[in-house]
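Colleague: Residue numbers (our numbering), protein chains in the order written: chain D, 1 to 271; chain Y, 1001 to 1314; chain G, 2001 to 2272.
Treat the hints as calculated values from the structure; they're not laboratory data.
Predicted model, so just to flag it, every value in this text is computed and none were measured.
Some hints here could point you the wrong way.
Said to hold, decoys possible - Quick list of the computed label-pair ranges, beta carbon to beta carbon:
#1 H2165(G) - D87(D): 11 to 21 Å
#2 R234(D) - V2153(G): 40 to 50 Å
#3 I2131(G) - D1250(Y): 19 to 29 Å
#4 A1155(Y) - A2138(G): 51 to 61 Å
#5 R2263(G) - R234(D): 34 to 44 Å
#6 A1279(Y) - I2131(G): 39 to 49 Å
What the hints assert, rightly or not - Reference listing, derived: stretches of chain Y covered by chain G, where coverage requires no fewer than 3 residues with Cβ under 8 Å from a Cβ of chain G:
#7 1031-1042
#8 1092-1103
#9 1194-1207
Positions of the beta carbon are idealized from the N, C-alpha and C atoms, including for glycine.
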Amino acid sequence: MTDVPVLEVDRIGVSFAGRTILDAVSFEIRAGEFTGLIGSNGVGKTTLLRIILGLQRPGTGEVRVLGAPLSRHRRSLGYVPQKVVLDPDVPLRSRDLVALGLDGQRFGFSRRTKEQRARVEEMLDAVDARRFADSRVGSLSGGEQQRVLIAHALVSRPLLLLLDEPLANLDPGSVQEIVALLHRVSADHGVSVLLSAHEMNALLPVMDRIVYLTDGRAASGTTDEVVRSDVLSRLYGHHVDVLKLHGRVLVVAEPGTDAGDIPDHPTLTAF
Amino acid sequence: MHLLFEPGFFASGPVRTAVVIGGVAAVVSAVVGVFTVVRSQSFAGHALTDIATTGGSGAFYLGFNPLAGFIGGGVVGAGAMDLIGVQRVRSRDVATGIVLGAATGLAALFLYLDTTSSATTGATQQILFGSIFTIDRSTVPVVVVLSVVTLVGMAVIRRPLLLHSVSPELATVRGVAGRGIGLAFMLALAVSVGLSSVAIGSILSTALLIGPAAAALRVTRSIGAATVVACGLGIATTWLGILLAYDSADWVRSGQGLPVSFFIVVLTFLSYLVTGVPAVRRLAGRPGRHPAPADPAPADRAPADRAPAAPAEG
Amino acid sequence: MFSGFMVNAWAVGTMVAVVAGVVGFFVVLRGSAFPAHAIPNGAFAGAAGASLIGINPLIGLGVFSLGAALGIGWLGRRGRADAVTALMLVLMLALGAAFLSQSTQYEPEIYSLLFGEILGVSTTELLPVLILGGVCVAAVGILFRRLLVTSIVPEIAAARGLRIHRTEVAFLVVVAAATTMTVPVVGALLIFTLMIGPPAAARCLTDRPGRALGASVAVALTTVWASIACSFESNWPVGFFVGVFSATAYGLGRAYAAWHLSRVGRPAPAVA
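So here's chain D without its partners, still in its complex pose (with noise of 0.2 Å):
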């Protein structure tokens, strides 16, 4: 089992607008593995999430849950969006959300089992979600809808956790907090986890891969294997320097090279 990787990214390419987005990524992942995707705003790591969840298609190459293609394994890919405008009037409490998360996608009359409701119960508690589990999902603030839209994606056991910029709009504190429950939860629960970010500090302790996209093109291996001044040098397509600095990553561009594609600062960088 521990042979076939969860995940298989072979070859993604898409365009749009004669613009190409992701020129033949391809990474692995494996059981129980934390991956970081990380890459500047607008480079394509949403894309490339979508097309791996297949809400969006590829131009050209394939993706492998377990081997097979995506529709045979679709309960094992657990997804957390960016972003989930959720009406303050929806009828939903977080409670309701997560055990959404088992039976869904379900038509029919069933009831839910205690087996079910009791693991909606230890998945409220694994995101410390308990506090708010009977307030409408619609009032929660941002931190805590994505605590629940966590235990929504984890709570039908899936192999592999994906979230969408999970980091992005978090106080540094509420960044910590998340980062060690994900870390936490894929332990506890032996699932792997993909998460695009475009600071890779904050993941850097608890990391096992890296996916680093610039300009369409990926590199994939642990952080001491991509986060090299050769390796990254190759990628962006010009010289640059990486520098490790009290125990955190700066890429750095020499001054006047077109660096616009290094993120957050044109010539200075601190992950």
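Go by the hints and put chains Y and G onto chain D.
Modeller: Okay, now just chains Y and G, sitting in the frame of chain D:
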């Protein structure tokens, strides 16, 4: 007691029919209406009553069963709306408006042809403001059966529909076919609205679809509770409305009595306003937010949460 | 077709089309299709009530459409807008039904309030229509920028201090005024078709607000003129043609947008 229940109320055949039909229509409308309001499709729900009425006028003119016309018209309209419409709410409303406009134009034509071809007067009024007291007894069984079918259908699709209504993305990830579910709901809406338009008139059809559901959603926290409250409100306002309408024959100078639709709609409107009053919402136990996030008890936070702080800043 | 009483029909039809095209542009932009349907229906109930107590139906039209606009604006702020619109609508209709039950309304009058009687417009009716129409167009002109900003980027508008809610209510009142002038002519049920179809078609053709507004008026004029001509020839109600031609215009607009996308490759201008 006699002040409220005029003599002959319970003995009257039309009243008994009205009570049964009204009750059935209220229940079906409430069940479908809760989802209609949650999905922000109140316009589509109302438009379908007008479109169903066009179907009814057409059937009236062409001489076949009005019920088939109401339901058929509604189904065609729902299909057209779904075909044109796109996901964004505004575009959906434009699509609804276009279909409604075309259907209204057709209604104008049918009614014109009808009045010129035959001498029937009052056709417009009859079709548009059909009264619960004048429903044909023979249609009652069909209406009840179709209502039950609609309720069963809604029960079957309720979970995927709920998930899709909350977030189409989450639904797709779980394997729910978004377009299919949306269309299925529109069809259920069309049938439900067609039935109630025939049974209780198009005004009441919209009122019972939206009013009790909107009121219930303000004071409950789950779809199930909202549905129960909406059914209760719908039945209560309907029966009370029938009673008042029957009594009103004695209140008004013309001796005609005010139409039952008037009473039911006013009661529905009032119940909606009442649910907006803060005191009522608190009574119903509807918390706006969960209690303000205080410092969590030590038990809630495992010590491990603190650990990553060191390396990131180190 | 162009002489005698028909002159009035053409004149009034043109005015109605211009107002519908202008006001309708924002109806579609702001997603106010439902209120645009509800307010005229409320107006109809008011006209019925006014007839009942023996005053000029236009007054009843005005009062009820204004009441509907304010009710939707105020209640819609606190609850779901579309549910509130539905409730206001049925309340007005129920009142109308109540009025009708107490009077001996003649069938043709109800029909004409609902579907319009454009071929029977008298010369004396022209002036009020022109004045009210002018007021509506002027109001939209004054509110133009405000309406644009609050429709497209409400967050920015709020930051700039524009009162979004007030603008919304003001706009609904303009819709009410447009309704009052047009219901006697085109009928309650069809004025809103003119405020939806032509502007929606226009938006398929171009994004730029000024051009879209112009296109909206142009399509509305074409629709109304074609409808009057066909109605005159066939004797069928003008409302029927307005409904069908509006839908056709929208269909053609959508088809154009789809063709544009496939040929040019760029996404077409915003579809509705």
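Colleague: Taking 51 to 61 Å as the hint, is the beta-carbon distance of A1155(Y) and A2138(G) inside that range?
Modeller: holds, 54 Å
Colleague: Is 19 to 29 Å a correct range for the gap between the Cβ atoms of I2131(G) and D1250(Y)?
Modeller: Given about 46 Å between the Cβ atoms, the range is violated.
Colleague: Quick one: see if chain G covers the stretch 1031-1042 of chain Y, three-plus residues with Cβ-Cβ under 8 Å.
Modeller: holds (count 4)
Colleague: Cut-off 8 Å, C-beta pairs, minimum 3 residues; does the coverage of the stretch 1194-1207 of chain Y by chain G stand?
Modeller: holds (count 4)
Colleague: Residue count check for the stretch 1092-1103 of chain Y against chain G: does it reach three with CB-CB under 8 Å?
Modeller: Result for this restraint: holds, n = 11.
Colleague: Kindly confirm whether 40 to 50 Å is satisfied by the beta carbon distance between R234(D) and V2153(G).
Modeller: holds, 42 Å
Colleague: Could you see if the CB distance from R2263(G) to R234(D) stays within 34 to 44 Å?
Modeller: With a Cβ separation near 40 Å, R2263(G) and R234(D) satisfy 34 to 44 Å, so the hint holds.
Colleague: Hint says 11 to 21 Å; check whether the CB-CB distance for H2165(G) and D87(D) agrees.
Modeller: holds, 19 Å
Colleague: Would you say the C-beta atoms of A1279(Y) and I2131(G) sit inside 39 to 49 Å of each other?
Modeller: For A1279(Y) and I2131(G) the Cβ distance comes to about 47 Å; the hint holds.
In summary, the structure is inconsistent with hint 3 from the numbered list given earlier, while agreeing with all the others.
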